[in-house]
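Taken in sequence, the protein lines are chains A and B.
Residue 200 in the working numbering sits at position 200 of the first sequence, with consecutive numbering throughout.
Residue 49 in the working numbering sits at position 49 of the second sequence, with consecutive numbering throughout.
Keep in mind that the hints were calculated from the coordinates and are not lab data.
Incorrect hints may have been included.
[Stated by the list, open to error] Below 35 Å or equal to it, Euclidean Cα-Cα: the simulated DSBU-like pairs (lysine-lysine) are:
1. A:Lys243 / A:Lys435
2. A:Lys243 / B:Lys156
3. A:Lys22 / A:Lys435
4. A:Lys243 / A:Lys231
5. A:Lys30 / B:Lys223
6. A:Lys243 / B:Lys66
7. A:Lys231 / B:Lys182
8. A:Lys133 / B:Lys156
9. B:Lys223 / A:Lys238
10. B:Lys156 / A:Lys231
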Amino acid sequence: MTVERALEGVGGALDDRFRGAKGFRTLFRKIFPDHWTFLLGEIALYSFIILLLTGTFLTFFFQPSMTEVIYHGSYTHLDGARMSEAYASTLNISFDVRGGLLMRQIHHWAADLFVAAILAHMLRIFFSGAYRKPREVNWLIGLAMLTLAMLEGLFGYSLPDDLLSGAGLRITEGVMQSVPLVGTYLAFFLFGGAYPGNVIIPRMYIIHVLLIPGILLALITAHLFIMFHQKHTQMPGKGRTEKNVVGAPLYPYFMAKTGAFFFFTFAACALASTFAQINPIWLYGPYNPVSISAGSQPDFYMGFLEGSLRMMPAWEWNVAGHTFSFNVFIPALLPLGLIFTAAALWPFLEQWITGDRREHHINDRPRNAPTRTALGMGAVAFYGVLWAEGANDVLADHLDVPLYTITRIAQVAIFVLPVVAYILTKRICLGLQRKDLHLLEHGVETGIIRQLPSGEFIEETRPVDEEARAVLESRPVPLSLPPAEQDVPAPGMRGGVGQLRERLNEVVNESVPLTESDGYGGHGNGHGNGHAIGSGQPDHEPAAIPAGGSGEHSGAGATAQDDGDADQRPDS
Amino acid sequence: MSDTDARGGLPEDRDYQAGRGSAADADQPAGEVPAGRHRVIGTPPPATSRTMLGTDQGDGDGARQKPRELPAGPADPRSARKAERVVAACFIFSMVASIGFIAAYIGLEVHSVDAVLRSNLALGTSMALAFLALGVGATIWVRHLMPAVELTEARKPMASSPGDRAAFGETFEEGADASGFKRPLVRRTLIAATVPLAVAPLVLLRDMGPLPGTSLRYTVWRKGIRLLVYGSNRPLRPADFGTPGGMITVVPEGYEDDFDALAKAATIIIKFRPGELQPPTVMNWTVDGIVAYSKICTHVGCPVALYEQTTEHILCPCHQSTFDAPRGAQVIFGPAARPLPQLPITTNAEGFLVAQSDYTVPVGPSFWERG
Numbered sequence: 001m002t003v004e005r006a007l008e009g010v011g012g013a014l015d016d017r018f019r020g021a022k023g024f025r026t027l028f029r030k031i032f033p034d035h036w037t038f039l040l041g042e043i044a045l046y047s048f049i050i051l052l053l054t055g056t057f058l059t060f061f062f063q064p065s066m067t068e069v070i071y072h073g074s075y076t077h078l079d080g081a082r083m084s085e086a087y088a089s090t091l092n093i094s095f096d097v098r099g100g101l102l103m104r105q106i107h108h109w110a111a112d113l114f115v116a117a118i119l120a121h122m123l124r125i126f127f128s129g130a131y132r133k134p135r136e137v138n139w140l141i142g143l144a145m146l147t148l149a150m151l152e153g154l155f156g157y158s159l160p161d162d163l164l165s166g167a168g169l170r171i172t173e174g175v176m177q178s179v180p181l182v183g184t185y186l187a188f189f190l191f192g193g194a195y196p197g198n199v200i201i202p203r204m205y206i207i208h209v210l211l212i213p214g215i216l217l218a219l220i221t222a223h224l225f226i227m228f229h230q231k232h233t234q235m236p237g238k239g240r241t242e243k244n245v246v247g248a249p250l251y252p253y254f255m256a257k258t259g260a261f262f263f264f265t266f267a268a269c270a271l272a273s274t275f276a277q278i279n280p281i282w283l284y285g286p287y288n289p290v291s292i293s294a295g296s297q298p299d300f301y302m303g304f305l306e307g308s309l310r311m312m313p314a315w316e317w318n319v320a321g322h323t324f325s326f327n328v329f330i331p332a333l334l335p336l337g338l339i340f341t342a343a344a345l346w347p348f349l350e351q352w353i354t355g356d357r358r359e360h361h362i363n364d365r366p367r368n369a370p371t372r373t374a375l376g377m378g379a380v381a382f383y384g385v386l387w388a389e390g391a392n393d394v395l396a397d398h399l400d401v402p403l404y405t406i407t408r409i410a411q412v413a414i415f416v417l418p419v420v421a422y423i424l425t426k427r428i429c430l431g432l433q434r435k436d437l438h439l440l441e442h443g444v445e446t447g448i449i450r451q452l453p454s455g456e457f458i459e460e461t462r463p464v465d466e467e468a469r470a471v472l473e474s475r476p477v478p479l480s481l482p483p484a485e486q487d488v489p490a491p492g493m494r495g496g497v498g499q500l501r502e503r504l505n506e507v508v509n510e511s512v513p514l515t516e517s518d519g520y521g522g523h524g525n526g527h528g529n530g531h532a533i534g535s536g537q538p539d540h541e542p543a544a545i546p547a548g549g550s551g552e553h554s555g556a557g558a559t560a561q562d563d564g565d566a567d568q569r570p571d572s
Numbered sequence: 001m002s003d004t005d006a007r008g009g010l011p012e013d014r015d016y017q018a019g020r021g022s023a024a025d026a027d028q029p030a031g032e033v034p035a036g037r038h039r040v041i042g043t044p045p046p047a048t049s050r051t052m053l054g055t056d057q058g059d060g061d062g063a064r065q066k067p068r069e070l071p072a073g074p075a076d077p078r079s080a081r082k083a084e085r086v087v088a089a090c091f092i093f094s095m096v097a098s099i100g101f102i103a104a105y106i107g108l109e110v111h112s113v114d115a116v117l118r119s120n121l122a123l124g125t126s127m128a129l130a131f132l133a134l135g136v137g138a139t140i141w142v143r144h145l146m147p148a149v150e151l152t153e154a155r156k157p158m159a160s161s162p163g164d165r166a167a168f169g170e171t172f173e174e175g176a177d178a179s180g181f182k183r184p185l186v187r188r189t190l191i192a193a194t195v196p197l198a199v200a201p202l203v204l205l206r207d208m209g210p211l212p213g214t215s216l217r218y219t220v221w222r223k224g225i226r227l228l229v230y231g232s233n234r235p236l237r238p239a240d241f242g243t244p245g246g247m248i249t250v251v252p253e254g255y256e257d258d259f260d261a262l263a264k265a266a267t268i269i270i271k272f273r274p275g276e277l278q279p280p281t282v283m284n285w286t287v288d289g290i291v292a293y294s295k296i297c298t299h300v301g302c303p304v305a306l307y308e309q310t311t312e313h314i315l316c317p318c319h320q321s322t323f324d325a326p327r328g329a330q331v332i333f334g335p336a337a338r339p340l341p342q343l344p345i346t347t348n349a350e351g352f353l354v355a356q357s358d359y360t361v362p363v364g365p366s367f368w369e370r371g
């Protein structure tokens, strides 16, 4: 057979030199669990590859120069106009290079898709608890990549030096200037002097095509390697435990699927670029600092910063000859800082609050971690208000609501909506938990009504099937914090911090109680036929915590916890 | 950090099991693998010779045949044949689309808006279809031609065994001892040496730009510089304003195309009816109801390009700071903290509008040294 001959020939020759047979065999049989949300990260990865490919093409033609030229190209509407070489070469790519417009538009769509996929992927990781130990570092790398992706996008769409992106640059400069103490210097160093100067485009260009993509590539490599080494998480289901990975092997299944997915991602970008025009810079015109177009909107991922700037009240202090522009640097730094700091700290905060320092490889269903899910939805609401306010002029126009009213609503909503989202989400999660318990206890309603000999009508139910049962039973039992011994609180539970931890623990662990003895739910409604639930999976056994235990793997019997690296109790 | 002893025994953790859909273990030859154990994925087959082909199929020996973990073919050969034809059709379609892409590249010219749109449509459609057909084909291939499998791989705790940790600790300690890094003089001087070295790259960035100095305080407006209409570069006489109303963008004569100058000096003028202008507008700086304000928003520097005649509001399109035009361009809504600075204007001997001086306060966004 030809396959065998190729293996003997090429494979043999390679193996003679690299001894790869064993390693590649293991690699080929690496198991990849399946769930549609696992594709979100892949979309991000593939849009990054598309960005590298199309971006390389664009660099062959783009001139990152602010030298002024008089345009005499194919786009006759701008014939004779003064513009920078950057803008002229972008027109050239669009109108005189075959496929140039397509590549430009694919590059832009892929950039939007890149950030959107990162955001969606991040939400998936958060809501399913996949950031938990041992994956905290990958979560932090992901946050770093999101920050870089937004910066990369901002610099990228500013490169053509058109009127729209120029407004964005001007805002960037104004925001930099607002930074206390060093702001003016930051702006002068980045722009090489007074705005706009003549170096910002070449500087952004090299940052955009070399510096940030290089860092991103390194971080992506680390991200994937860590994921590969730690093995993928999996969704709860039959036969899935904390000690296994269930799915299809890399070769040939995952290879073929992920290859197909790359093609789909590329096809989606190509389709969008064919039928949905994006960033038609020839309509915006070349940049000049005197003009601007109404309804200027940044790319979507910058919208929340824009909204933040728009809703901030006009607070400015002058103290001892210095200006604090709270109206600019607070909205520019606070929301971003708040969201990213909270996201970066949360995995560690959660470990401290719950005392759960075990490894987790089975994802939580969002309903089974009501407080985490509610906090996440609160953050989504916070971001959503900022984002909507970033398009307040568009909203005012479309909804026929006065512009200022929208801003005033946003100023209230930014505080109220996250709280509402938190409370609602938590209620919904607890409700869904009750529904799960009901299903486990009473089975699925069949819609068949039967009359008993006594004349009573009952609806027949059938027990949920094994697959569904495994999912419904996947709720982990939270650990309890170390108890006080003879009125002496355990280490880590002392003082005000200890009380805070205890209270936070109650909030974070709030769930509909599971009672083992009498079926689930334990609302004692006298149905009497409570199906005894055999807790078959070791990782769902009630977690009794031997004080001072430090087993960190959540396997059977190893459900111990510790209070942090610093205070291992002496009796352990 | 301590560890449980239960984790010490590594080999026991490594039983990988073939799960649903995989071939039964029945065809596993006796004696090949310890009884009662599933075969381990990721370990080499217990064969004695090392060849790339783990199985020696076709040598008639039979005894060395190992069990399959993946079925050789799909469960239903008939539907597989049908799927095969569909997949092939997809791939052929993709090939045709790719050829179409090349044809569109060669055949369709660009160099005009219509031609570019035609070319974009043809190139984009063929490219998208080529990728889409490949993706659809590959997906059908996986779903209908490859047998459904679900394999289970064991997962070990991430932490190393206590023994491995201890051994690493010893190795590290040994190296540290051998290196002599514990000698304080060497250690401290090495650390001291790296500090200025780390600062050096920051110092290198110093020439990225000049120091701001007081440059943000001033614009190029000077006494006697004429106000030119932006775009047409015409000087203006008060009489050129037929009726009060619109807002006109003006630039200083001599700097019409100097972006660095215009980024601060761009100015708007509006003519009001007599008596409409109110304090805090400085009346001495106006001419015949004509007032000049900086066009650079005091929030983050966008040009305040919108003027609503009915309400006499100047609006910044970026963040909607709204300025009251007849009353010294005071902020009446939005995030801007300061009014638009007013440019003192007058007329020269020929009757053209000219500046009396530069702006008396810094224009544009706030900055730390502004005060």
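Practice prompt. Run the structure past the numbered hints and jot down the numbers of the failing ones, going up.
Written response: 3, 5, 7 and 9
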